[in-house]
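**Student:** Read off the chains here:
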Amino acid sequence: MTEQQMQEMRDVYTQTLMQLAEKDKNIVLLEADLMRASGTKSFKETFPERTFNVGVAEANMVGVAAGLSATDKIPFANTFACFAARRTFDQFFISANYAGLNVKLVGTDPGVTAAYNGGTHMPFEDLGLMRNIPQLVVFEPCDPVSLQKLVVQGAYHKGCTYMRLHRRLAAILYEDDAEITLGKGCILKDGGDVTLMATGVVMVPEALKAAERLEQEGVSAAVIDMHTIKPLDAALVLQYAEKTGAIVTCENHQIYNGLGSAVAEVLAENRPTLMKRVGVNDEFGEVGTLEFLKERFGLTAENIYQQAMALLEAKNGRATH
Amino acid sequence: MQEQEIGWLETKAKEIRQLTIDSIGYLGVGHVGGSMSVVEVLTLLYYKRMNVDPDHPKKRDRDQLVLSKGHAGPTLYSILADKGFFPIEWLHTLNQGGTNLPSHCDRNRTPGIDMSTGSLGQGLSAAIGIALGNRLDHIDSTVYCIVGDGESNEGQIWEAAMAAVQFQVSNLIAFTDYNKMQIDGYMRDVMNIEDLTAKWVSFGWFVQRVNGHSFEEMDKAITRAQAEAYRPSMIVLDTIKGKGIFFAEGLLSNHNMPVDYEDAKEAIARLNGAGE
Chain A
1 MTEQQMQEMR
11 DVYTQTLMQL
21 AEKDKNIVLL
31 EADLMRASGT
41 KSFKETFPER
51 TFNVGVAEAN
61 MVGVAAGLSA
71 TDKIPFANTF
81 ACFAARRTFD
91 QFFISANYAG
101 LNVKLVGTDP
111 GVTAAYNGGT
121 HMPFEDLGLM
131 RNIPQLVVFE
141 PCDPVSLQKL
151 VVQGAYHKGC
161 TYMRLHRRLA
171 AILYEDDAEI
181 TLGKGCILKD
191 GGDVTLMATG
201 VVMVPEALKA
211 AERLEQEGVS
221 AAVIDMHTIK
231 PLDAALVLQY
241 AEKTGAIVTC
251 ENHQIYNGLG
261 SAVAEVLAEN
271 RPTLMKRVGV
281 NDEFGEVGTL
291 EFLKERFGLT
301 AENIYQQAMA
311 LLEAKNGRAT
321 H
Chain B
1 MQEQEIGWLE
11 TKAKEIRQLT
21 IDSIGYLGVG
31 HVGGSMSVVE
41 VLTLLYYKRM
51 NVDPDHPKKR
61 DRDQLVLSKG
71 HAGPTLYSIL
81 ADKGFFPIEW
91 LHTLNQGGTN
101 LPSHCDRNRT
111 PGIDMSTGSL
121 GQGLSAAIGI
131 ALGNRLDHID
141 STVYCIVGDG
151 ESNEGQIWEA
161 AMAAVQFQVS
171 NLIAFTDYNK
181 MQIDGYMRDV
191 MNIEDLTAKW
201 VSFGWFVQRV
211 NGHSFEEMDK
221 AITRAQAEAY
231 RPSMIVLDTI
241 KGKGIFFAEG
251 LLSNHNMPVD
261 YEDAKEAIAR
271 LNGAGE
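Chain order of the listed sequences is A and B.
Residue 283 in the working numbering sits at position 283 of the first sequence, and the numbers go up by one each step.
Residue 144 in the working numbering sits at position 144 of the second sequence, and the numbers go up by one each step.
I should point out that these hints are in silico values taken from the structure, not numbers from a laboratory.
Hints may contain errors.
[Unchecked claim] Distance windows between CB atoms, simulated:
1) B:Ile88 to A:Asp11: 24 to 30 Å
2) B:Tyr186 to A:Glu45: 29 to 35 Å
3) B:Arg224 to A:Lys25: 50 to 56 Å
4) B:Ile240 to A:Ser42: 49 to 55 Å
5) B:Gln168 to A:Glu8: 29 to 35 Å
6) A:Lys243 to B:Asp53: 42 to 48 Å
7) A:Thr120 to B:Thr223: 47 to 53 Å
8) B:Gln4 to A:Lys158: 47 to 53 Å
9) B:Gly155 to A:Gly317: 37 to 43 Å
10) A:Gln19 to B:Leu251: 31 to 37 Å
11) A:Gln19 to B:Gln226: 19 to 25 Å
12) B:Met1 to A:Thr46: 25 to 31 Å
13) B:Gly155 to A:Lys243: 29 to 35 Å
None of the values given here were measured: they were computed from a predicted structure.
Every residue, glycine too, gets a C-beta built ideally from N, C-alpha and C.
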């Protein structure tokens, strides 16, 4: 992947917000002293009266955002995903979601992308927490193009949303005119032997790499970008369960209560299918480079490949019985 | 304030107390203490100060109220019913399955409720957000917020206290219902919040402290608060928990207590006697 094919996700996020804000006076921004990390300084410079930096006070940020949305504003509230999910859970749950309001909460640095901030800042559980909030839309874009499209759709979804956002460079995986819809998974590569269902900037590229290697071994692997974790595209899950009979989920998150669990729930109730979950296995985060942490927690193409091969062995074993 | 007006508000407050203890007594249990300590302030706001319209409960230029101590909902329900936001008969459905009047305020269920509250500490932040939204839309109105004294143990209250000053939210007037009691006892014994006035002053608010059962004192304080151009206002109300209910007033156990309907009826009769 060359530099030209990569973009800073936070730049795309901020540009998208500014384009929305130019057309819609109701778009407002909240920050909790992480504006430099979120990269939203240019939004503040252009729309100072619509930018509210509450300081290091995430709970208040979400409460103020809820109040703003009660006056028909569309507030985007940014902080690290660890604080968005763990620290403001009750505020987001009650003041925003239970109250039927319209807060767009954004959690940056999901999972291992927290890197040098280490275990205290490393959310492997935010998807699990958020998935338990009734009617909340939960999503994680995997590249700059899908980020832009999903932010716009999220802004005009009536009701709260939670978006996981990797802030830094990400490879462009989609064409500009790709059709990307909140709540619908995207087939990045078709295949018939096994399905790799991945979410986010860390895992979707790893799944694509794993699929390449599987192809080299003669295995036809489908890759699906399951950007929306809730509501899950159950129809697509079942379609590929039927088509491939084997599913590997890939997420930069605990294997509990995130994408893997959501897919397992759909399969168990509708079409029991062999599956494996690639993700963090009941561990806390720790400090290191992104590459070190991906290896450390098995969030790699190699691990996805190994899991897929094990699954195929089980599938073929089942077929011969 | 004219004596006639004070007399009218006092009579109205008595009626609101009666409706409230009737609804709690009919159910048999409820937050008597904190509902009774805010009767006067809510009566003053809804019958004199606030621009609200029962026929258009969501009209954009209305004044709004966030009852951050959401468990005092029953008093607010009595007022909203009396003003015609919904039928008075609803008051006997308090907390029954399927009701539109849950123990804690719910903006999606009850006409006239501006914000869902009940998880203590959260309402002041929401009130700031509403006030900021009104300011962005150039709506000339006031957002009121009632904070509990026990609720003031919550850290989020003080996060909001900083933000309201930083953002110069002068269209916000908050009250603390300072009845000096929390669930587990007197505040001085559980978690003292003194010096409450000094705390709010030190955070940069325009602070006044008045008798929360005196219409005249509260009304003057609101007039002074509305003259503030840059600062949010905190009016600390000295109140009595369970005020006006013979079997509950000042009782440490009155936060959430069982109420015999016969006792409620007796309380209503005694309020009539006191009013005559």
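**Student:** Does each hint fit the structure? Answer for all of them.
**Tutor:** Status of each hint after checking the structure:
1. As the Cβ distance of B:Ile88 to A:Asp11 is approximately 57 Å, the hint placing it in 24 to 30 Å is violated.
2. In this structure the supplied range 29 to 35 Å is violated for B:Tyr186 paired with A:Glu45, their Cβ-Cβ distance being about 51 Å.
3. Taking 50 to 56 Å as the suggested C-beta distance range, the pair B:Arg224 and A:Lys25 does not conform, at roughly 33 Å.
4. At about 54 Å, the CB distance of B:Ile240 to A:Ser42 agrees with the hint of 49 to 55 Å.
5. For B:Gln168 and A:Glu8, the Cβ-Cβ distance of about 34 Å falls inside the hinted range of 29 to 35 Å, so the restraint holds.
6. Look at A:Lys243 against B:Asp53: about 58 Å separates their beta carbons, and that is not inside 42 to 48 Å.
7. Against the hinted window of 47 to 53 Å, the Cβ-Cβ separation of A:Thr120 and B:Thr223 comes to about 49 Å, which satisfies the hint.
8. Checked against the hint of 47 to 53 Å, the C-beta distance between B:Gln4 and A:Lys158 comes to roughly 48 Å, which is consistent with it.
9. Taking 37 to 43 Å as the suggested C-beta distance range, the pair B:Gly155 and A:Gly317 does not conform, at roughly 56 Å.
10. Distance hint check: the CB atoms of A:Gln19 and B:Leu251 are about 59 Å apart, inconsistent with the given range 31 to 37 Å.
11. Checked against the given bound of 19 to 25 Å, the beta carbons of A:Gln19 and B:Gln226, roughly 39 Å apart, lie outside it.
12. A beta carbon spacing of about 48 Å between B:Met1 and A:Thr46 contradicts the range 25 to 31 Å that was offered as a hint.
13. Take B:Gly155 and A:Lys243: their Cβ atoms lie about 52 Å apart, and the range 29 to 35 Å is violated.
Violated hints, in rising order: 1, 2, 3, 6, 9, 10, 11, 12, 13; the structure is consistent with all others.
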